[in-house]
Amino acid sequence: MRCFTSLGGSIFDWTFSRVEVPPGHYLVRIHRWGKDLSPGTSYSDSEILAPDETYKGVIADVLPEGRHFLNPFVWSYEVQPMIDVPAGKVLVLTRLYGQPIPQDRLTSGDFLARDDGQGVVERGIVADVLRPGKHRINPYAYTWKLDDAIEVGALFHSGPGTFWTNLGDKNMTLMLPAPTGTSADAKTTPEK
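Going by my numbering, the first residue of the sequence shown is number 381, and it counts up by one from there.
No lab work stands behind these hints, which were simulated from the structure alone. Errors might be hidden in some of the hints.
What the hints assert, rightly or not - Below, a list of computed lysine-lysine pairs in the DSSO-like style, where the Cα atoms sit at most 30 Å apart:
#1 Lys525 - Lys514
#2 Lys514 - Lys415
#3 Lys415 - Lys436
#4 Lys525 - Lys436
#5 Lys514 - Lys469
#6 Lys469 - Lys525
Claimed, not checked - Computed beta-carbon distance windows for the label pairs:
#7 Pro480 - Glu445: 28 to 38 Å
#8 Gly513 - Gly446: 17 to 27 Å
#9 Leu486 - Asn451: 39 to 49 Å
#10 Thr487 - Phe453: 41 to 51 Å
#11 Pro431 - His515: 31 to 41 Å
#12 Tyr457 - Lys514: 39 to 49 Å
#13 Pro431 - Asp484: 19 to 29 Å
The beta carbon of each residue, even a glycine, is placed where N, CA and C say it ideally should be.
Work the whole structure out from these sequences, hints included.
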């Protein structure tokens with residue numbers, strides 16, 4: 381009897397639970413059962429991604445190409461094409477989940493979304509861009525825009541340990557430690 385049960389489960393898994401993700405694609409999972417996400421009172425404080433598999437909704441992490449087994453009674457899914465960033469381009473991401481950027485930072489001109497690495501993230505434009513290559517990006521977690529890459533030229537060397545650049549409002553001189561490493565800190569001073 382146990383053999384038939386095991387065989388029946390294997391047939392069910394292979395027939396109904398198997399998801400083949402082709403090369404150049406990835407899998408977005410949507411959990412059908414679990415706790416409801418908090419609705420919030422407005423868009424700015426509502427959740428759009430399931431924090432883990434105990435909640436209903438879209439799971440933030442995506443699965444790569446290959447064979448996966450997802451019980452169709454528990455999971456729904458979408459197969460998405462990978463995002464290809466060609467040479468000479470970058471991908472600018474906008475995070476759709478997380479806490480809103482505080483108003484005082486927005487008024488001071490700091491409009492990039494932060495991620496503290498401890499799970500506290502802000503929604504908005506992400507500071508780091510994605511470079512050329514293929515990327516798996518959850519379309520429920522991010523929107524993206526392909527932009528031209530801007531190459532910043534090298535700093536000009538004007539003496540031992542001194543470099544200058546004209547990036548920013550004024551020309552700046554960057555004082556680096558001498559090659560022997562005797563100076564402790566690098567200093568930035570404006571050019572006159």
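Results for each hint:
1. Lys525 - Lys514: With a Cα-Cα distance of about 14 Å, the restraint between Lys525 and Lys514 holds, given a limit of 30 Å.
2. Lys514 - Lys415: Distance of about 34 Å is beyond 30 Å: violated.
3. Lys415 - Lys436: 6 Å, holds
4. Lys525 - Lys436: It holds: about 29 Å lies between the C-alpha atoms, which stays within 30 Å.
5. Lys514 - Lys469: Given that 30 Å is the threshold and the Cα spacing comes to 12 Å, the pair holds.
6. Lys469 - Lys525: 10 Å, holds
7. Pro480 - Glu445: 28 to 38 Å: Once the Cβ atoms are compared, 35 Å apart, the range 28 to 38 Å for Glu445 and Pro480 holds.
8. Gly513 - Gly446: 17 to 27 Å: This hint holds: roughly 19 Å between Cβ atoms.
9. Leu486 - Asn451: 39 to 49 Å: Roughly 44 Å apart at Cβ, these two residues keep to the hinted range, so it holds.
10. Thr487 - Phe453: 41 to 51 Å: Taking Cβ atoms as reference, Thr487 and Phe453 lie about 49 Å apart, which means the hint holds.
11. Pro431 - His515: 31 to 41 Å: 23 Å, violated
12. Tyr457 - Lys514: 39 to 49 Å: 20 Å, violated
13. Pro431 - Asp484: 19 to 29 Å: 27 Å, holds
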